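These protein sequence lines are chains H and W, in that order. For the first sequence, the residue numbers in this note's numbering are 75 to 337. For the second sequence, the residue numbers in this note's numbering are 3 to 178.
One or more of the hints may lead you astray.
[As the list claims (entries may be wrong)] Residues of chain W clear of chain H, computed beta-carbon distances all greater than 12 Å:
hint: 1; residue: V14
hint: 2; residue: V31
hint: 3; residue: Y53
hint: 4; residue: F75
hint: 5; residue: N99
[Said to hold, decoys possible] DSS-like mimics (lysine-lysine), calculated; alpha carbons at most 25 Å apart, straight line:
hint: 6; chain 1: W; residue 1: K7; chain 2: W; residue 2: K80
hint: 7; chain 1: H; residue 1: K177; chain 2: H; residue 2: K104
hint: 8; chain 1: W; residue 1: K80; chain 2: W; residue 2: K146
hint: 9; chain 1: W; residue 1: K146; chain 2: H; residue 2: K229
hint: 10; chain 1: W; residue 1: K145; chain 2: W; residue 2: K80
hint: 11; chain 1: H; residue 1: K229; chain 2: W; residue 2: K145
If you're looking for bench data, these hints aren't it; they were derived computationally from the structure. As the structure is a prediction and not an experimental result, all values here were calculated from the model. Note that CB positions come from ideal geometry on N, CA and C, so glycine has one too.
For reference, the chains in residue letters:
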Amino acid sequence: MTQGDTFPLNEPPVSYAAICCPYRDLVLLKSVIALSEAQGVARWQYVQSPQPSSSRPDLLVIGADRSSAQATPLPPNLDPEQVVLWIGEAPTLNNAHRVFQCKTPLHAFQLAEQLREIVAAVRQHRQRSVLTTLPQNFLLQEAAAHTSLENLMVKLLRWPPVESFSRVSENEDRAFWRMASMLSARCMTVADLSRRTDCPRSICLEFLHRLSINGYVELQSVGSAATEQPALPEPKTAPASPAPGGMRGLLRRIRIGLGLASA
Amino acid sequence: MLEHKILFTGTVGAGKTTAIQAVSEIPVVLTDVQTSDPSIGKESTTVALDYGEISLGQSERLRLYGTPGQERFAFMWKVLAQGALGLVILIDNSRPNPAQDLALYLDHFQTLIRNTACVVAITKTDAGTNAASLRTFSDLMQKKQLIYPIIVADVRERQQVLRILDLLLVQMEVRQ
Chain H
75 MTQGDTFPLN EPPVSYAAIC CPYRDLVLLK SVIALSEAQG VARWQYVQSP QPSSSRPDLL
135 VIGADRSSAQ ATPLPPNLDP EQVVLWIGEA PTLNNAHRVF QCKTPLHAFQ LAEQLREIVA
195 AVRQHRQRSV LTTLPQNFLL QEAAAHTSLE NLMVKLLRWP PVESFSRVSE NEDRAFWRMA
255 SMLSARCMTV ADLSRRTDCP RSICLEFLHR LSINGYVELQ SVGSAATEQP ALPEPKTAPA
315 SPAPGGMRGL LRRIRIGLGL ASA
Chain W
3 MLEHKILFTG TVGAGKTTAI QAVSEIPVVL TDVQTSDPSI GKESTTVALD YGEISLGQSE
63 RLRLYGTPGQ ERFAFMWKVL AQGALGLVIL IDNSRPNPAQ DLALYLDHFQ TLIRNTACVV
123 AITKTDAGTN AASLRTFSDL MQKKQLIYPI IVADVRERQQ VLRILDLLLV QMEVRQ
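Chain H with its partners taken away, still in its complex shape (with noise of 0.2 Å):
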């Protein structure tokens, strides 16, 4: 694990229930995760039993004991789009289902990391959940401009007000607040945009298209951008010592510093 990593601000937990986990497993499990949030990988919750679908865990952890009485959603039973950590052999899946997998006996190490991936893929599960609110016909609108957008550069004409900003969860409004700081500080095109935030293409372009109907962004093309956006000034007043990696080497300190280092 590395260190530094933080989770993002206003993340919601990641939530996980255990079955078919002999107690020595289930303390091992609760232990390690209880690490990795200190570690700043994720927040998690524990939830005491796998809930009925409506309010299913971001992760379901299979434990090795199968033998009890506890219900095990088995395939076919497994719900695709659950995240599972199997504990054991793992059944033979179709590519659907989204299974991470510990061999036995457990061990710290091997669970930290499977862990990491757990928390990656619940992200992108929530990120891609959000496409199914965007209205269809704005969906179709993006695909339809596909070409022509990846040559747009981006110019943010004001900052936008805060209503702008309200999103289907604290982590893509996040993301919203910080792709408007972008802006503010300089053009760049989606593509910029969706790197640098590290979101999905569709959730940039959501935000602009947001922005774009009440006139707070201009787009433009590479060409004309590049002619027009003023050269970034030699800083007048310059940090008062080097930085050992030069700026980017000490902005990235600071993050750690701050415990803001995965953003």
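Chain W: place on chain H using the hints.
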């Protein structure tokens, strides 16, 4: 020892000292004195600067400076701005004319913010604050041809102060 600086400025009582206290790794060094001006609405006010810090390593640290808020201490603002990486302007929205307050700080720190980064945080908002009243701040900035993040924040909350600093860092990062 390598030292870097982020500046917090803004109106008296806007929360500069509180914001620094929320994120500083050391107890904030205060230079408060008892106020003789009842209009300020506080028992004490900063007369020199507030100081907090974040360790970036064994031989490097980030200093957080809070300027005195009263305009009569403006001579210190220019001194404190020298070498700063960025500026946080805290505006007390309960004051009679917060937009005018913002204009004052934008004018005094314009050299710094045009070369680095800036976030404007509006504090002491309540049920009476609506989107239209917040829009006056972006209107003001647009008139001055400035675009910086304007957010509402409760600087007693560490996470909200961190959000302010996150947006400050984002601006610095995209300029690299």
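### Message
Holds or violated: K80 (chain W) and K146 (chain W), Cα atoms, limit 25 Å.
### Response
At roughly 20 Å apart (the allowed maximum being 25 Å), K146 (chain W) and K80 (chain W) satisfy the hint.
### Task
Please work out if K229 (chain H) and K145 (chain W) have their alpha carbons no farther apart than 25 Å.
Holds, at about 17 Å.
### Message
For F75 (chain W), is the shortest CB-to-CB distance to chain H above 12 Å, so the non-interface label stands?
### Response
holds, 19 Å
### Task
Examine each Cβ of chain H, and state whether all of them lie more than 12 Å from the Cβ of V31 (chain W).
Per Cβ check, V31 (chain W) is outside 12 Å of chain H; nearest 18 Å; holds.
#### Entry: Assertion that Y53 (chain W) lies outside the chain H interface [Cβ separation over 12 Å]
holds, 15 Å
### Task
Take the C-alpha atoms of K145 (chain W) and K80 (chain W), compute the straight-line distance between them, and say whether it is at most 25 Å.
Status holds; Cα separation ~23 Å.
#### Entry: Restraint status (C-alpha distance of K7 (chain W) to K80 (chain W) at most 25 Å)
At roughly 14 Å apart (the allowed maximum being 25 Å), K80 (chain W) and K7 (chain W) satisfy the hint.
### Query
Does K146 (chain W) pair with K229 (chain H) here, judged by a C-alpha cut-off of 25 Å?
Judged against 25 Å, a Cα distance of about 17 Å means the pair holds.
### Query
Within 25 Å, alpha carbon to alpha carbon, are K177 (chain H) and K104 (chain H)?
holds, 17 Å
### Task
Say whether it holds or is violated: N99 (chain W) keeps its Cβ farther than 12 Å from all Cβ of chain H.
About 20 Å separates N99 (chain W) from the closest Cβ of chain H, which puts it past 12 Å; holds.
#### Entry: Non-interface claim for V14 (chain W), where every Cβ of chain H lies beyond 12 Å
Nearest chain H Cβ is 25 Å from V14 (chain W), so the label holds.
Of the hints listed earlier, there is not a single one the structure fails to meet.
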